[in-house]
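Trainee: For the record, the sequence lines run as chains S and G. Using the UniProt record's numbering, read the first sequence as starting at 1 and increasing by one per residue. Using the UniProt record's numbering, read the second sequence as starting at 1 and increasing by one per residue.
For the record, the hints were derived by calculation from the structure and aren't laboratory data. Using N, Cα and C, we set each Cβ at its ideal position, and we do this for glycine too. Where hints are given, some of them may not hold.
[Unchecked claim] Examples of chain S residues toward chain G, derived with CB under 8 Å: (1) Val3; (2) Lys169; (3) Ser170; (4) Gly306; (5) Gln307; (6) Arg333; (7) Tyr334; (8) Glu335; (9) Ala341; (10) Pro344; (11) Pro459; (12) Pro553.
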Amino acid sequence: MVVHYLLGNEAIAHGCLEAAVDIACGYPGTPSSEVIDTLRMDPDRACKVEWSVNEKVAFEEALAASWCGLRTICTMKHVGLNVAADPLMTSAYTGTKGGFVILSADDPFAHSSQNEQDSRCYAQFARIPCFDPSTLQEAHDMVRDAFSISEEFSLPVMFRPTTRICHSKSDVDMGEVKVSDRTALFEKDPRQYVVIPAHTRILHQKLNQKQPAIKKKLVELGYNRYEVKGKTAVICSGVGASYVREVIGSDVSLAVIGAYPIDEGWLAGFIQKHEKVLVVEELSPIIEEIARQVSGFVLIYGKKTGQVPYEGELSPERVAKYLTAAGIQTSVRYEEPQKPAALPVRSPVLCAGCMHRAAMYAMKKVFRDGIFPSDIGCYTLGIQLGTVDTTICMGASITIASGMSLAGEKRDIVCTIGDSTFLHTGIQGLINAVYNGANITVVILDNRITAMTGHQPNPTTGLTACGILTPPVSIEAICRAAGATFVETVSPSNLTTFMNVLKEAKSKTGVKVIIARQPCVISEKRSKINRGKYIVHQDVCIGCKACIKFGCPAIELRGGLAFITDLCSGCGVCSELCPVGAISREVKE
Amino acid sequence: MSFDVMIVGIGGQGTILTSNILGKACVIEGIPVRGAETHGMAQRGGSVESQIRIGQQYGPLIAPGTADLLLSFDLLEAARAVHWLKPDGKIYTSQEFVVPTSVFMQDYPSPEEPMLLEMLGSRPYKVVDCRRIAEEAGNVLTQNIVLLGAASPDIPLKKESLLEAIRRTVPQKTVDMNLKAFDMGIDAGKSE
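So here's chain G without its partners, still in its complex pose (with noise of 0.2 Å):
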């Protein structure tokens, strides 16, 4: 059995980033991994998805229903992907979401943030301040790491493992600024 993480978001918020991240991690312990991404057109500003699946030898794909953990870098694409999760799988969630285009082309009712948590159901989820949080850390960019770093408890691979898998991943001159967002994750994660 494998830990299986679905990282959900928009074209462009550092889902396969994020993933190489965890990825990492992973051989740094060698431990096996898979993980399937979104590539080519959808990104272009569509719902992307990253499948990590800790542990597991086969295939990269997780089945509806069974993953143990969701990242969402946007709280709109954490309620389209609440399906993922088993009955007691866990949530970490960006506070922020972007209204699709399609909302104002075809003039739908906008998504508010209280209908889209109770979209997220009986599971336990925590919402994060990903942007004001990234902000202090020094780089908006950072957000992903926030999340992470949130998340980093419940995921299981040794804190220093993914540290040194950050420092592996992000570009050099940001790696300071990555690790000090990870740690402000961990603490917005642990706080109520």
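If we strip away everything but chain S, and leave its shape as in the complex, we get (with noise of 0.2 Å):
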């Protein structure tokens, strides 16, 4: 035993480890990545890691890996889950052989999301385990323990973390690395893994015949427990089950439920103890809604009551909060402090020199009465230069721009779509919309990698996961076999080209594609690439602002005029805007 100070996601990844994990696959997606990332990077590692495309993906090579007998774990973010939501509720009914591990990273207050899904949900609608870890350590040993449960109930089982879980640290006993002595073999056996009708139906019974033996079992193991003290008590889960533990009473009883499902009588057994329970738990109300089946006479605060909103995530001051909302005492008071008088915001940016910037300042200024769908990656930060104006969920960029088409609409429809997200989901838009006659321009952002998620390779970068050289994938190839005609290639960063192209496409109709490529600056940098920086000539700005409004963070205005600072990477896309000839590349002495 071993103790390190770690991120969460490094703990998570460590338990796989000492598993003997054979095989990790999962797509990017922020709070869960760190888990594949750790997992690649370390040179020792016995399993195989792979980055798939999307999630759905990921899901069904994990489990075709854990029907020939390997220990396997897929990972993801929430939202990833409902792109794996169809292989997952017939997994429940084919079952498993090696241990199967759903890692789903729920991120409560939509930290880095589009929603606050709860993805105990999903696990209660397939009637699959969860693990609900409330601390670093236990996150750490509930995933190792994962995979044994997976394999006594031949079920997949989920493990959801949250952000506070993933993205805390702190200090955790590790154990050692097991490498793993097993050899892919599959059986063949119809019945199980062919859902005709004939068999699915009995797969089904199987799968609800088991969940008594998991109740008992998930209690036995000591992941739901309680402490019995006085008249009142809390029920909570998760992270906020450690926010709890920091702010009850002494007298306060304590129930934590760290697994799913819940076993009724047991619940039962321990809210019938008190006059009046208080659940907490962040997102759903899943205990809350089992409490108040189980609940007789006693009475129940919670969501449902008031106390405990359904949105946002947990906090010792909030739950200290809600204990005192219910009428049970807490033995930690906050008061609130004063909020600083405002400042201005420091909202995350563009990077100085991102090609994005570019691309859509260029599409704004050829289609100034666009439509502009777009997508999930570090361009929907192009909200702040009016270029987004949907965003709902991986892929719907196309789709959004030809169902706008589909209904009529008469402005120019340009959607904007990252190249990993592209090969997530953005295809069938592109097949489709093209199938369809839609009348859309579709820019493809393509910068070799998953950058938004901390720079993970993709099928267009030319290296796995472990960084093995693999031919890119064409994304010319891929638009032009979906049948677009126009298909051009071209880097934003040469303004004025990509202008021109633009305006071709508006001339034209049908699906036009271009494709906007040019590395991510922080690939470059890393590469060592060094473009030098661009300055401004003092004695001949105007002060006329034109390259301040392209929003570039080395532009400022000094003293009225445009200044550029260290940040500058060197694209040179500002000494293009700028009318009078002002800025240009640094020439060193």
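Grab the two chains, each in its own frame, and use the hints to assemble them into the complex.
Mentor: Here it is, written out as structure tokens:
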């Protein structure tokens, strides 16, 4: 045993190694990405690690490996689970052979997400066990145990950490890494693996029959536990349990739910020892609903009675507030501090030299009256440039564009999608748009990397997750194969040419594809590419702010004139924007 | 009760590295520790914060108005984060600040140093010229270590533990430079 200061996702990855995991697949998504990143960067790793093109693909590959008898994990963020929901629901019927863990990281408060959905609902829906760790140590221990639970019940097991588990840090006591001695062998059994109606009806019955034993086992393992101390009680789960422990009074009973499904009889036994019970959990009222079913005459407080909100994340001071509101005393009180006076916001911005800024600036210039459906990626920050009118989920830029075209919207519709997102679920939308005769312009922002989640390679990069060279996919060939006749590739850093291509697309009808290709500036920096920097000649600058309005973080206004800081990465786009030629590449003497 | 530290700055200034040093120093001393950080989209040049709770066995989040110490790599971010501190919490901040792009894009009045210092209020604060000291130590990138050094007498961890944690955290070839930056930071923290 050795104690390290670890990120939650590192602790989870180490738990997988201690369980001798054979295969890890995933699609990047904050806050889940560092689990695969930790495994793929580990030079001593004995397991196979893969970035898949989307979550459904990752899920199905991991499921197949489990059917071959291997221990597998697939990782994703909560909204990625929507993409993998189709195989999820039926994999509970077919069951598994080697331990199969589905890591779905939830993001209460939507720190970096488009919604706040609760993965526990999916586990309940699919009727599979779900682990919900309350500390990093527990996350590490639980993920290790999840593989054996999966094997014991021949079911996929969901592991659901939240942002404050994945992206918090703590001292974690780690065990030994174990190396697998399993070999893949698929044993044919159509009654298990072919879900024709005659088979699936029986499989569904078997799934339901497994439930009581799972509930008992989770209590036996101590993941669901309680301590009776007084007449009032709190039931909590996940990271919220650690906040409750920090503020709860010493005479208040506490039940912690670390795993689902909950044994109703066991929970009823706890509740009925009390007069009043508060349920504190993040997002959906999963525990609360079960508590209400078994509460008898005991008062249950929580979301449904208005003390705990359905949205956002918990924190020590919020939990203290809910305990007070429900009439359950807390041992810690917090005064609400006075917030500081308004300061100019420092929102996340596209990097200096990022090609997305140039591409979107050009789009706005050429399509002044355009509608701009967009997608999930760094380029969503283009909302600051007025070129992101819609974002809903991965791959939904091209389909929203073609839907508007179908609806008969007369303005130009210009959508944007990144390389990784295009390969994730964009291709189907493009095929559909061409097939059904949409009139749209599709700008594929191809920076050769999955940037926003931390620079994971994808099929455009030419490298696998573990750094093996692989042929980069041709986005041009995919678009042409889909039937698009206008497919042009151009770098937006070459602003004039890029705008000319946009104008040409504007003049044509049908599905026009422009591949805006320029490597991510962060990748360039890491590859030691140095393009120097640009400077403003102060004697020529007229202070017109044309470059300022471009929104590059390297350009400041000093004393009424433009000034370029050391953040400049030398893309040179601002020099094309300056009406008086005041900006040029810096020449070192 | 834990000793709670807020570390704030702008994405890329080393808030995570600094919090890692504190976390590893806790492990060296066998003290429980919890930390929370900003990852993902918010890192792109936005305001970032790391919370570190020295001696904490429960959750990673600090309640607003209860932090013991604020370290800030940007004076404007210090002003933005001051409400995290308890009434007598202490502030160590870099003297510099980056004007947010929003000021130029939306023609906001640009914040000035005296105004930001005033916003720190009645709490004890120390402004450190991190850039100058880091340059003297040999690399402008050691500014975060300078500030950590300055604040270190107020952190309930041994100096040796912090030095060892720095050795374990920074790139191998920059160890000496960072240790020098740390010591120069201690001196800067003491000076009036």
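Trainee: Output the numbers, in ascending order, of every earlier hint that fails for this structure.
Mentor: 4, 5, 6 and 11
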